[in-house]
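Asks: Chains as they are written, first to last, in my numbering: chain A, 1 to 161; chain B, 1 to 114.
Hints are not guaranteed to be accurate.
Unchecked claim - Below, computed lysine to any residue pairings styled on SDA-like, alpha-carbon distance capped at 20 Å:
#1 Lys117(A) with Asn94(B)
#2 Lys103(A) with Leu90(B)
#3 Lys71(B) with Asn94(B)
Everything labelled a hint here was simulated from the structure, so no lab data went into it.
Computed from a predicted model, the values in this text were never measured in an experiment.
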Amino acid sequence: MNKMLVETPEGEPVIRMSRTFDAPRTLVWRAWTRPEHVARWWGSRAMGAIKVVKLDVRPGGEWRFEQITPDGTVFAFIGKYIEVDEPERLVNTFALEGMFEDKTVIETHRFEERDGKTHYSGVTRFDSIEDRDGMVASGMEAGAQESMNQLEELLGELVSA
Amino acid sequence: MATDPLSLTFAALADPTRRAILARLAQGQTSVGELAAPHQMSLAAVSKHIKVLENAGLIAREKDAQYRYCKLQAGPLQDIDGWVGAYRGLWRDNLDQLDAYLADMQRGDDTSKQ
Numbered sequence: 001m002n003k004m005l006v007e008t009p010e011g012e013p014v015i016r017m018s019r020t021f022d023a024p025r026t027l028v029w030r031a032w033t034r035p036e037h038v039a040r041w042w043g044s045r046a047m048g049a050i051k052v053v054k055l056d057v058r059p060g061g062e063w064r065f066e067q068i069t070p071d072g073t074v075f076a077f078i079g080k081y082i083e084v085d086e087p088e089r090l091v092n093t094f095a096l097e098g099m100f101e102d103k104t105v106i107e108t109h110r111f112e113e114r115d116g117k118t119h120y121s122g123v124t125r126f127d128s129i130e131d132r133d134g135m136v137a138s139g140m141e142a143g144a145q146e147s148m149n150q151l152e153e154l155l156g157e158l159v160s161a
Numbered sequence: 001m002a003t004d005p006l007s008l009t010f011a012a013l014a015d016p017t018r019r020a021i022l023a024r025l026a027q028g029q030t031s032v033g034e035l036a037a038p039h040q041m042s043l044a045a046v047s048k049h050i051k052v053l054e055n056a057g058l059i060a061r062e063k064d065a066q067y068r069y070c071k072l073q074a075g076p077l078q079d080i081d082g083w084v085g086a087y088r089g090l091w092r093d094n095l096d097q098l099d100a101y102l103a104d105m106q107r108g109d110d111t112s113k114q
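Construct all of the structure, not just a fragment, from the sequences and the given hints.
Replies: Written out as structure tokens, the structure reads:
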């Protein structure tokens with residue numbers, strides 16, 4: 001019942017997510033914007049805790065969260081804050097370092113308080129619908145365009161299978 | 001032990017050599033030697049990349065009579081439903097974990113004091 005709702009609309013390059021938290025908005029904002037809190041909930045738990053390397057919540061400020069895989073590869077989620085309107089709205093870019101960095105992914109997070117609960121809604125905007133739906137394939141740095149096309153086709157088949 | 005497909009797939013895809021190997025395998029199965037050929041690195045280095053891809057379940061190594069080859073595996077890519085699925089999975093986890101953490105904060109657990 002208290003689950004995240006997700007929408008992937010047909011004609012718009014966005015993903016919409018929403019969820020209600022049983023907590024006041026100021027607390028949600030604090031959990032979302034302070035490194036010691038972010039480290040406690042952000043990222044895949046199976047990978048172990050993330051390291052909040054940078055979290056500079058102001059327009060133009062950067063964020064960087066690192067995760068280390070079992071084989072020692074560090075992969076970093078990175079971005080920049082575009083708009084900061086405490087405690088209601090936060091706009092930031094989202095990227096995975098070394099992958100798709102030429103693509104722009106913008107997240108808009110909105111927090112609304114109703115009866116002591118916080119309704120969160122997030123909108124993630126991609127450069128295009130193709131990017132939204134095929135980012136793994138389009139990020140491949142293969143030599144030949146042809147092999148990329150084949151891979152995209154294959155991924156498409158796998159996804160729709 | 002990280003075994004969720006999202007993390008392993010992201011990690012495996014995070015390297016350009018590994019992405020090139022996957023793209024080559026999308027054209028069809030081939031030997032390790034052929035996979036290594038376009039890269040300016042030792043066979044051992046390429047084998048290491050292949051192992052990472054194999055551990056992520058993205059490729060499989062098989063033997064057909066005397067011929068050993070690598071091929072693309074469908075599983076994990078299907079599981080994560082491409083980029084959107086991976087991204088959505090990350091945020092589903094994040095929001096679930098935030099929900100639990102907010103409850104901890106409000107209970108005043110020591111670990112969540114600011």
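Asks: Determine for every hint whether it applies to the structure shown.
Replies: Consistency of the hints with the structure:
no., hint, verdict
1, Lys117(A) with Asn94(B), "18 Å, holds"
2, Lys103(A) with Leu90(B), "19 Å, holds"
3, Lys71(B) with Asn94(B), "33 Å, violated"
Hint 3 alone, counting from the list given before, is not met by this structure.
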